[in-house]
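A.B. asks: Under the working numbering, residues 8 to 349 are what the sequence shown spells out, in order.
Zero decoy hints are in this set.
With a Cα cut of at most 30 Å, we get these calculated DSS-like pairs of lysine-lysine: (1) K34 <-> K12; (2) K157 <-> K102; (3) K102 <-> K325; (4) K116 <-> K154; (5) K288 <-> K126; (6) K280 <-> K325; (7) K154 <-> K126; (8) K186 <-> K325; (9) K126 <-> K263; (10) K154 <-> K102; (11) K116 <-> K288; (12) K154 <-> K263; (13) K154 <-> K253; (14) K253 <-> K43; (15) K253 <-> K186; (16) K288 <-> K325; (17) K253 <-> K12; (18) K116 <-> K102; (19) K34 <-> K253; (20) K186 <-> K116; (21) K157 <-> K263; (22) K12 <-> K43; (23) K126 <-> K285; (24) K186 <-> K126; (25) K126 <-> K280; (26) K325 <-> K285; (27) K263 <-> K102; (28) K126 <-> K325; (29) K102 <-> K126; (30) K34 <-> K263; (31) K263 <-> K253; (32) K186 <-> K154; (33) K157 <-> K116; (34) K186 <-> K263.
I should point out that these hints are in silico values taken from the structure, not numbers from a laboratory.
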Amino acid sequence: MSTDKITFLTNWHATPYHAPLYLAQSKGFFTAEGIKVALLEPNDPSDVTEIIGSGSVNMGFKAMIHTLAAKARNFPVTSIGSLLDEPFTGVVYLKESGITTDFRSLQGKRIGYVGEFGKIQIDELTSHYGLTPEDYTAVRCGMNVSKAIKNGEIDAGIGLENVQMVELEEWLESQGRPKSDVQMLRIDELAELGCCCFCSILYISNDDFLAQHPDQVRAFLRAVKRATDFVLSEPEAAWAEYVDFKPVMGTPLNRKIFERSYAYLSSDLQNVKRDWTKVTKYGQRLGVLGADFVPNYTNAHLEWVLDETSEDPIGDQKRMVELQCDVACRGGFQRLPRPAAA
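Full structure from sequences and hints, please.
C.D. replies: Here you go:
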């Protein structure tokens, strides 16, 4: 096997849910597989698919909707596995903003978004609720949605339940205010998607690298699968080792983000066909994918037995809401049971 380093670009600076990647490095799992991996962090998360597609970097992390859109823009990238499955994603707001569970309450509000697809999603939703894109003010915030809400620069913003909501809950608590004052309008429910999979975080690869170095890709995935197994079986020890390797992680806030991300970590790394089908149709509905678009994912490099697909994904979503509420209240590490084998 080549000793050339594999380059891997994360979707943002080191984040608690990146633990399997960094632990594969710190615990020597990459070395044990005979590969060297350079872990890189972007200055702008919007650049990740373009950088990987250009071949400047071999692999990286990106959300499913962005991975699909990258192919539509002729960036040659493919998902080779999943890191985070279906994290709840939506419009995050504080009760004092005047926003309610009615989407139409966004009229006249300033809504923050990370990248262009956030605006495309909200614009498309307006057509289903008697509004137009001109009925709200879109504010591009990058990864600073929580900060912009705190500073009063926006009334709400698109974020994740396991990241931005946690950041705002901690901020409210520091002010003696109830954590329940932060709420979310889930995009999957507003758009009637039946899953939050459009924001699943994936391991993606440059297509030429994937074709030319399949053995290195398999070795990489074996290493991160081994690290994922460690995180899921021993989360306390895994967190301690992650903080030791990345001291910036060692804050109470990051610990809580790690706890809230634990349930979303993919145990087998598989790309779930049903999810890709749903998000491809959603991308076509948004107008970012063509009618004949073929989704760009593969499970061919995952060498272990993959979990059965759940027969009750909607029920799983409801159970996940309850589970995450319990973790938010009590802390700790909880996951839904794996689907039973057929």
